Amino acid sequence: MGTPETSREPCPDRILDDVGGAFGMGAVGGSAFHFIKGIYNSPNGMRLSGGAQAVRMNAPRVGGSFAVWGGLFSTFDCAMVYARQKEDPWNSIVAGAATGGFLSMRQGMGAAGRSALMGGILLALIEGAGLMLNRVLANPPLPADDPNLTAAMGGNPFPGLPQAPPVVAPPEAASSSVPGVWFGGLFGRKEEEKKPIAGGGKSEILESFDTPSTPIPSFEYK
Amino acid sequence: MADPRLYPTGSGSDDRRDAAYPGSERRLYNPYQDLNLPYRQLYDLPTSPEFLFKEEAVAQHRSWGENLTYYTGVGYLSGAVAGAALGLRDAARGAEPGEPAKIRANRVLNSCGSSGRRVGNTLGVIGLMYAGIESAMVAARDRDDWINSVVAGLGTGALFRAANGPRSAVVAGAVGGVLAGAAAAAKQVGKRYVPAL
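As they're listed, the protein sequences go chains A and B.
Residue 160 in numbering that gives the first Met the number 0 sits at position 161 of the first sequence; the count goes up by one each step and never skips.
Residue 34 in numbering that gives the first Met the number 0 sits at position 35 of the second sequence; the count goes up by one each step and never skips.
For reference, chain A alone in the conformation it holds in the complex (with noise of 0.2 Å):
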């Protein structure tokens, strides 16, 4: 079902949090490679030693580095969230732009141009990916012979989709608008092979938790 996600901080923490997340990804990251560049390129008897030299050269400059990019993007995050009242995965394409942007600023236009255009691209694919994940993740597939529990199944978890396919009826979702219907033909699929195997074959209906529901409404713009 569509619950909101609750694993996060509310905003003005969170931008401390992945401040703090991305430095620590950024510093064991970075000591690990180095360590391993270090090791490689120093001279035998002396390799730990030029290892550990290499992290303590470089591994809090990375570390930095990726904290700089993470809280301006979780800032930038945070004021999306702000202006639009409201959480979805276009607030993290268009933060990972303005970051992109605003930290080749000083290079002119023309580069924060680019860098804002592959800021966004970078991050619509994290989010892409992320939500095909949760899809996959939060729809098992289980044979269901409740029909309520079908529609309740189909429900997509991030109700803001930019490009999302009406989910309410799933043999309708191949002939959903053009730009979701790669989605949508993922999702129709599935959903038609569910259908048969729960006609044919005996299924118990296990213990649901969810109250079954009223069909969920389709988030296209009206």
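Hints listed in this document are in silico derivations from the structure and should not be mistaken for laboratory results.
Please note: incorrect hints may appear among the correct ones.
Using C-beta positions, here's what the derived DEER-type ranges look like [to be verified]:
1) B:ARG26 - A:GLU8: 25 to 33 Å
2) B:GLU65 - A:TYR220: 56 to 64 Å
3) A:GLY109 - B:ASP144: 55 to 63 Å
4) B:ALA81 - A:ASP12: 19 to 27 Å
5) A:MET108 - B:ASN163: 39 to 47 Å
6) B:GLU95 - A:MET108: 22 to 30 Å
7) B:ALA91 - A:ARG113: 33 to 41 Å
8) B:LEU178 - A:TRP89: 25 to 33 Å
Predicted model only: the values in this text are computed from it and were never measured.
Using N, Cα and C, we set each Cβ at its ideal position, and we do this for glycine too.
For this one, chain A is given, so just place chain B on it according to the hints.
Same frame as chain A, but now just chain B:
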């Protein structure tokens, strides 16, 4: 569109209702209005207390990951702000008379950026080490008290200056341990006046 059952109104809800009348500039927005959540399960809370003992309730409840990101983030941000302040002072000191604004702005940006990055990175690394050692101590001892903080301070200081030789590492470790112990003691004293600590 909005399901009235989604707003469990109490007795004092008239003010909120008034705000949604036409003529006022605000509307009530419920982010969950279209999602058909199983709200009965969401808001059906038990009335028994969460913790049986007061000591449990006041103990720290951050997981090791939250501890890590918190200390690292605080360290990096405070270091960045302090470094930027230092850089600002250096830029103001190094300004030549009769310079155009662009040059001054460039000097300010450069020096704030370089000092901020240096100090921020240093404090971020210190925060990361401290949080890592403290979380490891909590996991190993299965207890949360001042010994964890002091040992984490010792370890952080020693690790930070380990490359400068053993003597330097011991001195730095002692400094770190004393600072961490002082911070823990200050927190205990502060709890008397500010209970939220």
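Against the structure, the hints:
Distance hint for B:ARG26 and A:GLU8: a CB-CB separation of about 27 Å, consistent with the stated range 25 to 33 Å. In this structure the hint that B:GLU65 and A:TYR220 lie 56 to 64 Å apart at CB is violated, the actual value being about 38 Å. Between A:GLY109 and B:ASP144 the C-beta distance comes to about 57 Å, which sits within the given range of 55 to 63 Å. Checked against the given bound of 19 to 27 Å, the beta carbons of B:ALA81 and A:ASP12, roughly 21 Å apart, stay inside it.
For A:MET108 and B:ASN163, the hinted distance range of 39 to 47 Å is satisfied, since their beta carbons lie about 45 Å from each other. B:GLU95 and A:MET108 have their C-beta atoms about 29 Å apart, which keeps the hinted 22 to 30 Å range intact. For B:ALA91 and A:ARG113, the Cβ-Cβ distance of about 34 Å falls inside the hinted range of 33 to 41 Å, so the restraint holds. For B:LEU178 paired with A:TRP89, a C-beta distance near 45 Å fails the hint of 25 to 33 Å.
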